[in-house]
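**Student:** Residue-level listing of the chains:
There are 10 protein chains.
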Amino acid sequence: MLYCVMIDVNLPADMDSAELAKLKEVERLRAIELQESGKFVHLWRVAGRMANISIFDCESNDELHELLTSLPMFPYFSLKVVPLAKHPSSIK
Amino acid sequence: MLYCVMIDVNLPADMDSAELAKLKEVERLRAIELQESGKFVHLWRVAGRMANISIFDCESNDELHELLTSLPMFPYFSLKVVPLAKHPSSIK
Amino acid sequence: MLYCVMIDVNLPADMDSAELAKLKEVERLRAIELQESGKFVHLWRVAGRMANISIFDCESNDELHELLTSLPMFPYFSLKVVPLAKHPSSIK
Amino acid sequence: MLYCVMIDVNLPADMDSAELAKLKEVERLRAIELQESGKFVHLWRVAGRMANISIFDCESNDELHELLTSLPMFPYFSLKVVPLAKHPSSIK
Amino acid sequence: MLYCVMIDVNLPADMDSAELAKLKEVERLRAIELQESGKFVHLWRVAGRMANISIFDCESNDELHELLTSLPMFPYFSLKVVPLAKHPSSIK
Amino acid sequence: MLYCVMIDVNLPADMDSAELAKLKEVERLRAIELQESGKFVHLWRVAGRMANISIFDCESNDELHELLTSLPMFPYFSLKVVPLAKHPSSIK
Amino acid sequence: MLYCVMIDVNLPADMDSAELAKLKEVERLRAIELQESGKFVHLWRVAGRMANISIFDCESNDELHELLTSLPMFPYFSLKVVPLAKHPSSIK
Amino acid sequence: MLYCVMIDVNLPADMDSAELAKLKEVERLRAIELQESGKFVHLWRVAGRMANISIFDCESNDELHELLTSLPMFPYFSLKVVPLAKHPSSIK
Amino acid sequence: MLYCVMIDVNLPADMDSAELAKLKEVERLRAIELQESGKFVHLWRVAGRMANISIFDCESNDELHELLTSLPMFPYFSLKVVPLAKHPSSIK
Amino acid sequence: MLYCVMIDVNLPADMDSAELAKLKEVERLRAIELQESGKFVHLWRVAGRMANISIFDCESNDELHELLTSLPMFPYFSLKVVPLAKHPSSIK
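Residue numbers (full-length UniProt numbering), protein chains in the order written: chain A, 1 to 92; chain B, 1 to 92; chain C, 1 to 92; chain D, 1 to 92; chain E, 1 to 92; chain F, 1 to 92; chain G, 1 to 92; chain H, 1 to 92; chain I, 1 to 92; chain J, 1 to 92.
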């Protein structure tokens, strides 16, 4: 079951650069782990902004919640979830 | 080059049902044609609404414009385009 | 799996009264049918407005979409879907 | 008399983790206490966000205000209250 | 129990003037009737706009809904309800 | 001449509790003083929120400005003023 | 006492041109009459839009309401009123 | 003096196709005329939407207003004007 | 050439009072200077809020920018500029 | 391929002035470098605000993202990207 998740990442402009680098690295590792699990099926950058559009494939709303809150940058997210259904004109 | 396109379809509630059926059919045929061309790579229904989230893969902004305006329901769309870039944590 | 669905019903102010009465009756029958199926678990009126807050219990986003679009007043809805997860402090 | 209460919890991203753990625990205890009283009838998590949708059953607007402001996280809430009425198509 | 009700009246600009005069008259009569009942305690015009701010005193959310929907202009309203509680600094 | 004033009070969640108690007390005393003067005719709490809906009766816009800015919590207000006129259907 | 009034004029795009010309003429005459009375002290066009920014000088909110609703195009207005006070740095 | 003008063109979806073709043609001719005059210096299509972003070079706000209202599609525009100044980092 | 400038002044609620008094004084002096130059033709306080509505008379967008950024409180402004044109019904 | 980029620069009002001067200088140098490369084709100041409207000419969404994030003030930007297509009435 698919969900489109739109995320704005609101990192403070004055964050310590070492802390920022570390946060980005743990975020990257967790994002890769989730992608390799098959649950996190697409991850795109919104051009020009610290924002992402992602597609998740989960068993349930509960699982989606668990995955998103496991991301290290979660406390900095403004986040919108759109549950997706099959489109009658999709050929997939 | 990818774009996320979010579309709300604002069909008048009192549209003639034969006209509506015909419009849906030509829309479906054009959507399939675009998907088969490889330009229209994902098409999802927003659950519970006459709305879509789509991913297009185009050569340019001009090509994207041409494809979207070729859809028969285009005059009924409220539409938002988000240009996408590669995300540094994407494994694709 | 639960979803909160917020619906504004935008009926035209000048709708023919017989047509309106009929539409309300078929809507009522379908709403009762869905409630009796166990899929439509709560239905509340927003005080003072032609608007509802509902809770649906569905297998999937696809099923939710199917149920909502089966409501006769669907073409008149402005609708927002919020997927719900278990809250860690809920005692249910 | 029912109310739907939508809450966004805006905890500072840099809150001390011990303080945060303690705040979450007192919030959980008060939420359980209110649920056991029968006044706080539903509590759901909005999937993917630090946000809740709740249903309260109160004697009056005053009682609702008293209950909500008794929650330890109240100072961090963005909150919307929707008073609910019986829906003519509800079977409850 | 008090509620603040903010109403925008969206009458079509091209409404037939006789129909409009009649609608205003039945609205006025019903508004007076509700005020005389003690349920509709304040009625103010928003200066410069076809909009009102009102205070209702009702037993319950259900009663408020019943009163508001009994107004003849209800189908033309955009309406917001704010449930009110006693303010700790009020001297009333 | 009446004005409806809607106020959101944005106190910092981490305000020192002694300072907060003192601020609330001076605010309460000034609010009582204004009510006793007959200028501040209604003061209601928005149920569930640190927000107020008030009615002021002033000689002029200038007087309204003077009264509102004399409230000790003024620097923390988000505030909207709606000038009110007599409603043709009001019985007062 | 001054008010800033911001008006968007929402004339239907398909209005009959003779009717439109007549409406513009009666609006113009009433606007001139109000300006000559000294109540309507400034009238500016928002560059590029069918919108105005105006300053009215009235005895009361009631008088402002009376003047604005006397404008023939009133039914087509989206209108916002801002009550003005003397600014401490104004040299007038 | 430059202005950025953002225009959404809200043509009715059911406009007669001959009338639409004619309107587009007169609009095109006027747009070309204005560009050739040197007043209308850039005209871009917003990809995927019936919307434009334009740059005008005018003597004054009045001239800008005159040019924009001379466009045949003006009654169908939702329009935003942004006055532009020289940027200190611009090399032009 | 006229511009309407709407300014919200977002001073931090916890600003040091001596610093605040000094900032208000230099702002007042600069505002008077600009008014005496004839460029800053009207300055009104929005009743009940730390906000202003002003009218500037400038040679160009560049001059307007220069004047506004010369105000000492500029870093605390949320600001909207509306370029004004002559209104066909204005008698000035 | 062109993009319109609208940027609000949200510098903290209390930023250290030396730090601010340095940040503005490195921003200016990078902006000049990008303009000289031919990728950053227009840069305008929004009159009266710390905001810009820019036009970029890039090979792809990825290149646009790379250029924008290379600007030293990027962490302080609120930013909107509008992909542009050729307008059928443009004479360029």
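If you are wondering where the hints come from, they were derived from the structure by calculation, not from laboratory data. All values reported here derive from a predicted model rather than from experimental measurement. Among the clues, some could well be false.
Listed below are the simulated EDC-like cross-link pairs for lysine to aspartate or glutamate, each with C-alpha atoms no more than 20 Å apart in a straight line [unchecked claim]: (1) 86(I) - 63(H); (2) 86(A) - 62(C); (3) 86(A) - 14(C); (4) 22(F) - 62(I); (5) 39(J) - 19(J); (6) 86(C) - 25(D); (7) 80(G) - 8(E); (8) 86(H) - 62(I); (9) 92(B) - 19(A); (10) 86(B) - 33(A); (11) 86(D) - 33(C); (12) 24(E) - 14(C); (13) 86(E) - 59(F); (14) 80(C) - 57(C); (15) 86(A) - 25(B); (16) 92(F) - 57(E); (17) 86(J) - 66(J).
Under 8 Å between C-beta atoms, here's a sample of chain G residues computed to sit facing chain E [stated by the list, open to error]: (18) 68; (19) 70; (20) 75.
Taking CB as the label site, the calculated pair distances span [unchecked claim]: (21) 29(J) - 29(B): 48 to 56 Å; (22) 8(J) - 29(G): 40 to 48 Å; (23) 75(D) - 13(G): 43 to 51 Å; (24) 91(F) - 22(E): 19 to 27 Å; (25) 22(E) - 78(D): 40 to 48 Å; (26) 17(C) - 80(B): 32 to 40 Å; (27) 80(G) - 91(F): 25 to 33 Å; (28) 36(B) - 32(A): 26 to 34 Å; (29) 25(D) - 36(E): 49 to 57 Å; (30) 57(B) - 28(G): 53 to 61 Å; (31) 11(B) - 32(F): 51 to 59 Å; (32) 11(C) - 72(F): 45 to 53 Å; (33) 80(B) - 8(J): 39 to 47 Å; (34) 78(E) - 17(C): 19 to 27 Å.
Glycine is no exception: its CB is placed at the ideal position from the N, C-alpha and C atoms.
**Student:** Each hint: holds or not?
**Tutor:** Verification of the hints:
1. Proposed proximity of residue 86(I) and residue 63(H) is supported: the alpha carbons are some 10 Å apart, at most 20 Å.
2. Note on residue 86(A) and residue 62(C): the hinted pairing holds, with a Cα-Cα distance of about 6 Å set against a maximum of 20 Å.
3. A threshold of 20 Å between alpha carbons decides the hint, and for residue 86(A) with residue 14(C) the separation of about 35 Å lies outside it, so the pair is violated.
4. Restraint check for residue 22(F) and residue 62(I): not satisfied, since their Cα atoms lie roughly 48 Å apart, outside the 20 Å limit.
5. Only pairs whose Cα atoms come within 20 Å are accepted, and residue 39(J) paired with residue 19(J) is rejected, the gap being roughly 28 Å.
6. For the suggested pair residue 86(C) and residue 25(D), the alpha carbons sit about 17 Å apart, so the restraint of at most 20 Å is met.
7. Between the alpha carbons of residue 80(G) and residue 8(E) the distance comes to roughly 13 Å, so the proposed pair stays at or under 20 Å and holds.
8. At roughly 7 Å between alpha-carbon atoms, residue 86(H) and residue 62(I) fall within 20 Å of each other, so this suggested pair holds.
9. Distance hint between residue 92(B) and residue 19(A) is unfulfilled; the C-alpha atoms sit about 27 Å from each other, more than 20 Å.
10. Of the supplied pair hints, the one linking residue 86(B) and residue 33(A) holds, its CA atoms being roughly 18 Å apart against a limit of 20 Å.
11. For the suggested pair residue 86(D) and residue 33(C), the alpha carbons sit about 18 Å apart, so the restraint of at most 20 Å is met.
12. For the proposed pair residue 24(E) and residue 14(C), the alpha carbon gap of about 16 Å is at most 20 Å, so the pair holds.
13. A C-alpha spacing of about 27 Å is found between residue 86(E) and residue 59(F), which places the hinted pair above 20 Å, so the restraint is violated.
14. Proposed proximity of residue 80(C) and residue 57(C) is supported: the alpha carbons are some 16 Å apart, at most 20 Å.
15. The hinted pair formed by residue 86(A) and residue 25(B) meets the criterion: a straight-line CA distance of about 17 Å does not exceed 20 Å.
16. As the CA atoms of residue 92(F) and residue 57(E) are separated by approximately 16 Å, the hinted pair is consistent with the 20 Å bound.
17. The straight-line distance between the Cα atoms of residue 86(J) and residue 66(J) is roughly 23 Å, outside the 20 Å bound, and the hint therefore fails.
18. Below 8 Å, beta-carbon pairs count as interface contacts, and residue 68(G) has one with chain E at about 4 Å; its hint therefore holds.
19. Checking residue 70(G) against chain E: minimum C-beta separation of about 11 Å lies over 8 Å; hint violated.
20. Proximity of residue 75(G) to chain E holds as hinted, the smallest CB-CB distance being about 4 Å (cut-off 8 Å).
21. For the pair residue 29(J) and residue 29(B), the supplied restraint of 48 to 56 Å holds, since their beta-carbon distance comes to about 54 Å.
22. Distance hint for residue 8(J) and residue 29(G): a CB-CB separation of about 43 Å, consistent with the stated range 40 to 48 Å.
23. Against the hinted window of 43 to 51 Å, the Cβ-Cβ separation of residue 75(D) and residue 13(G) comes to about 49 Å, which satisfies the hint.
24. Take residue 91(F) and residue 22(E): their Cβ atoms lie about 21 Å apart, and the range 19 to 27 Å holds.
25. For residue 22(E) and residue 78(D), the hinted distance range of 40 to 48 Å is satisfied, since their beta carbons lie about 44 Å from each other.
26. Look at residue 17(C) against residue 80(B): about 38 Å separates their beta carbons, and that is inside 32 to 40 Å.
27. Restraint check, residue 80(G) to residue 91(F): a C-beta distance of roughly 29 Å satisfies the suggested window 25 to 33 Å.
28. At roughly 32 Å, the beta-carbon separation of residue 36(B) and residue 32(A) lies within the given 26 to 34 Å, and the hint holds.
29. With their beta carbons about 53 Å apart, residue 25(D) and residue 36(E) fall inside the hinted range of 49 to 57 Å.
30. With their beta carbons about 55 Å apart, residue 57(B) and residue 28(G) fall inside the hinted range of 53 to 61 Å.
31. Distance hint for residue 11(B) and residue 32(F): a CB-CB separation of about 57 Å, consistent with the stated range 51 to 59 Å.
32. Restraint check, residue 11(C) to residue 72(F): a C-beta distance of roughly 48 Å satisfies the suggested window 45 to 53 Å.
33. A C-beta distance of roughly 19 Å is found between residue 80(B) and residue 8(J), which places it outside the suggested range of 39 to 47 Å.
34. Taking the beta carbon of each, residue 78(E) and residue 17(C) are about 22 Å apart, inside 19 to 27 Å as hinted.
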